Amino acid sequence: MIRPEEAPRPFTVTELANEIRRELRPLTAVLLKGEVTGIKRGAAGHFNFTIQDGLSRLDAVLFADDARKVTTLPEDGQVFVFRGRIDFFGKTGRLSFIVDQIEFDDVGKLRARLEELKRRLDLEGAFLDSRKRRLPFLPRAVALLTSPTGAVIHDLQETIWERFPNMSIVVYPVQVQGAAAPASVARALRRCNVEGLADVVVIARGGGSFEEMFAFNTEVTARAILASRLPVVTALGHTSDRTVADMVADAECRTPTEAGARVVPKKADLMLRLAERERRLSRERDRRLAREVERLQARRERLMQVMPNLVRSRSERLVRARADLARLSPVQQVARRLEALLERGRRVDAAAAARLARSRNLFASRRASDRLDRALAARFGAAVRGLEHRRSRLVALSPDSVLSRGYSITQDAASGAVVRSAADTARGRNVRIRLGSGRLGAQVEEVEP
Amino acid sequence: MSQELTYEQALEKLDEKLKVLEDGELSLEDALKAVDEARVYLKICTERLEAAKKKIEIRPDEP
Amino acid sequence: MSQELTYEQALEKLDEKLKVLEDGELSLEDALKAVDEARVYLKICTERLEAAKKKIEIRPDEP
Amino acid sequence: MSQELTYEQALEKLDEKLKVLEDGELSLEDALKAVDEARVYLKICTERLEAAKKKIEIRPDEP
Amino acid sequence: MSQELTYEQALEKLDEKLKVLEDGELSLEDALKAVDEARVYLKICTERLEAAKKKIEIRPDEP
Amino acid sequence: MSQELTYEQALEKLDEKLKVLEDGELSLEDALKAVDEARVYLKICTERLEAAKKKIEIRPDEP
Amino acid sequence: MSQELTYEQALEKLDEKLKVLEDGELSLEDALKAVDEARVYLKICTERLEAAKKKIEIRPDEP
Chain A
1 MIRPEEAPRP FTVTELANEI RRELRPLTAV LLKGEVTGIK RGAAGHFNFT IQDGLSRLDA
61 VLFADDARKV TTLPEDGQVF VFRGRIDFFG KTGRLSFIVD QIEFDDVGKL RARLEELKRR
121 LDLEGAFLDS RKRRLPFLPR AVALLTSPTG AVIHDLQETI WERFPNMSIV VYPVQVQGAA
181 APASVARALR RCNVEGLADV VVIARGGGSF EEMFAFNTEV TARAILASRL PVVTALGHTS
241 DRTVADMVAD AECRTPTEAG ARVVPKKADL MLRLAERERR LSRERDRRLA REVERLQARR
301 ERLMQVMPNL VRSRSERLVR ARADLARLSP VQQVARRLEA LLERGRRVDA AAAARLARSR
361 NLFASRRASD RLDRALAARF GAAVRGLEHR RSRLVALSPD SVLSRGYSIT QDAASGAVVR
421 SAADTARGRN VRIRLGSGRL GAQVEEVEP
Chain B
1001 MSQELTYEQA LEKLDEKLKV LEDGELSLED ALKAVDEARV YLKICTERLE AAKKKIEIRP
1061 DEP
Chain C
2001 MSQELTYEQA LEKLDEKLKV LEDGELSLED ALKAVDEARV YLKICTERLE AAKKKIEIRP
2061 DEP
Chain D
3001 MSQELTYEQA LEKLDEKLKV LEDGELSLED ALKAVDEARV YLKICTERLE AAKKKIEIRP
3061 DEP
Chain E
4001 MSQELTYEQA LEKLDEKLKV LEDGELSLED ALKAVDEARV YLKICTERLE AAKKKIEIRP
4061 DEP
Chain F
5001 MSQELTYEQA LEKLDEKLKV LEDGELSLED ALKAVDEARV YLKICTERLE AAKKKIEIRP
5061 DEP
Chain G
6001 MSQELTYEQA LEKLDEKLKV LEDGELSLED ALKAVDEARV YLKICTERLE AAKKKIEIRP
6061 DEP
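Residue numbers (the working numbering), protein chains in the order written: chain A, 1 to 449; chain B, 1001 to 1063; chain C, 2001 to 2063; chain D, 3001 to 3063; chain E, 4001 to 4063; chain F, 5001 to 5063; chain G, 6001 to 6063.
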């Protein structure tokens, strides 16, 4: 559009060229299908080629930056669907189609090649969980393989530092798109492993079409990931299809944010958990000590209990023994024996009394005194009777017997001669006269012859 | 001497005298003498007996 | 001497005397003597018995 | 010597005496003697027992 | 010697004495002797136990 | 050696120690020792958390 | 030697002593000895425990 105030003045060529450029600007993100021809690689890394369809042709350029991003590089004779814009270069006066994306016209064929690669890798066991490396729990640093230009670095860094404020991040800038991408990724991975600055690798990009993601479906990338010593996490953006890189990676995330959370723990959580462990440790230690204190206390109590028991049972034993001794003390025996002695004493007395009684009876039975008296009486009786008898006989025999009749006998007192006649005596002589009873002594006074 | 005769001796003497008297061979004087002697012996016997009696009668309650 | 006789000996002697006395063969004097002796033995026996009685009876409560 | 007899010995002696006493074969004097001896042994026994009793009774509260 | 007996030894001796006493075969003198000895052992036991008690009771608050 | 442990290894060791401690089968000495060791691991863990420096390093592709 | 016992060893010894004491098969003298030994072990245990406690109190906030 020419502004009115500028209308009267003629364009310079440059002005017109610029005008043309401006006018062409709406033709951006144009999809163009055509065959490639006359491809040339420039020193700055760009490609120049022509896109034709048999009737028409357009000059096309793929700048180095874009060349690194595209899924595949154009090849002569191949038909692609290019995305790009039309630009006019005043310097050369040529109209060019500036390619920023290249897609295979025949995606089916590409997918078939991809499936074949997956099959092979699968056969090798490259997808097995068992071969996958474990992510470090807490990496010293995180290596990030991504495009240095995207928002990926920022996202990841934000995520990681939010979780772990003092985490180191080592960025390995790589091409994540385009024909050079697989080699770029593989080289960076090797460097990561060699340099060992980080413990885990995140390969990230901001997503894209099948073609844009194609670098991550190449065998070169897959092999590089498989060969990595360090665990590899993919974060390739919101694609519906998993890439081969995702499948061989040790962990697969959708976004850099997710990957950041995956590779770095939350420091605060870790500290909480460490604090929790410390609490447990202290608690265990305290519990252990408390338990020991308790155990010792229990033992102390048992010991304290055992000690009186030690004496108690024995004291009881001695009390019993004392009672037994009192019971067995020969008090009863003594009493019994005293009783027995009394009995013996009685027997002694009884025996003595019996003996005495027997002697007395025996003695009494003799009636010695009576018998003595009787013997005496008998003896005297006999004697008296014998004397009486003799007395009688003497009286009978005595010449005196006549005297009782009044006769008397006179005897000479001196000679005892019986004076039978007066002449036998003389006067003055003493005579004795026997009478019937008694005698007389007399002196002869007269003699009468 | 007669005092020393025992009762038995005196009784023997008495019996002797009695026997002589009973033989009747004696003169009157001898007979009278024998009678006197017999009487002595009789007396001795009697005394002895009395003495013994006394002696005995004293003691029955004594022992 | 009689004091040294035992009760049994004295009793025997007493029995002897009694027997002789009861046999009646003794002279009066011997009889008297025997009676005397018997009485002695009788006394001994009686005394011995009394003594024994006393001896026995004294002590029942003593030991 | 009897003071040195044990209770058991004295009891044995006592029983011996008792037996002969009860057999009744002893003369009165021997019996009396035996009674005396028996009483002595009885006394010894009794004394021993009394001593024992005292000994036992002294210590009821002793261990 | 008895002072060197342990509680158990003294107790054993005490039991022996008690057993013999219980068997009742002892003469009185031996029984009295056994009672005396039993008392000695009982005393030893009691003393040992008292000593033990003291030893134990001194330290109630000590471990 | 412990200095070369990763946070995870140290944490694992710490957890091992904690587990045996919590199993409660250790002797007191071993438990205290385990507590000490656990603390060493705890310290390692803490140090590891602080070991990293907040920085971003760009390692441009060497041609 | 007992000074070189660990807490557990001392505790084990203590338990051994306690067990025999509680079995009650020991003689009085041995029991007293066992009590003494048990006390020694208890003391060792207590000291070890106190030492451990003190050690901990020195570093209460150390990780």
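Please keep in mind that the hints were generated in silico from the structure rather than gathered at the bench.
Check each hint, because a few of them may be wrong.
As the list claims (entries may be wrong) - Within a straight-line C-alpha distance of at most 16 Å, the following computed EDC-like cross-link-like pairs (lysine to aspartate or glutamate) qualify: (1) Lys1043/B x Glu1012/B; (2) Lys2055/C x Glu3057/D; (3) Lys6033/G x Glu4008/E; (4) Lys4033/E x Glu4008/E; (5) Lys3019/D x Glu3037/D; (6) Lys3043/D x Glu339/A; (7) Lys132/A x Asp250/A; (8) Lys2033/C x Glu1008/B; (9) Lys2055/C x Asp349/A; (10) Lys2055/C x Asp3036/D; (11) Lys3055/D x Glu4008/E; (12) Lys5053/F x Asp324/A.
The model shown is predicted, which means the values in this text are computed figures rather than measured ones.
Tested hints:
{"no.": "1", "hint": "Lys1043/B x Glu1012/B", "verdict": "holds (13 Å)"}
{"no.": "2", "hint": "Lys2055/C x Glu3057/D", "verdict": "violated (35 Å)"}
{"no.": "3", "hint": "Lys6033/G x Glu4008/E", "verdict": "holds (14 Å)"}
{"no.": "4", "hint": "Lys4033/E x Glu4008/E", "verdict": "violated (21 Å)"}
{"no.": "5", "hint": "Lys3019/D x Glu3037/D", "verdict": "holds (13 Å)"}
{"no.": "6", "hint": "Lys3043/D x Glu339/A", "verdict": "holds (13 Å)"}
{"no.": "7", "hint": "Lys132/A x Asp250/A", "verdict": "holds (5 Å)"}
{"no.": "8", "hint": "Lys2033/C x Glu1008/B", "verdict": "holds (14 Å)"}
{"no.": "9", "hint": "Lys2055/C x Asp349/A", "verdict": "holds (11 Å)"}
{"no.": "10", "hint": "Lys2055/C x Asp3036/D", "verdict": "holds (9 Å)"}
{"no.": "11", "hint": "Lys3055/D x Glu4008/E", "verdict": "violated (27 Å)"}
{"no.": "12", "hint": "Lys5053/F x Asp324/A", "verdict": "violated (91 Å)"}
Hints 2, 4, 11, 12 from the earlier list are contradicted by this structure; the remaining hints agree with it.
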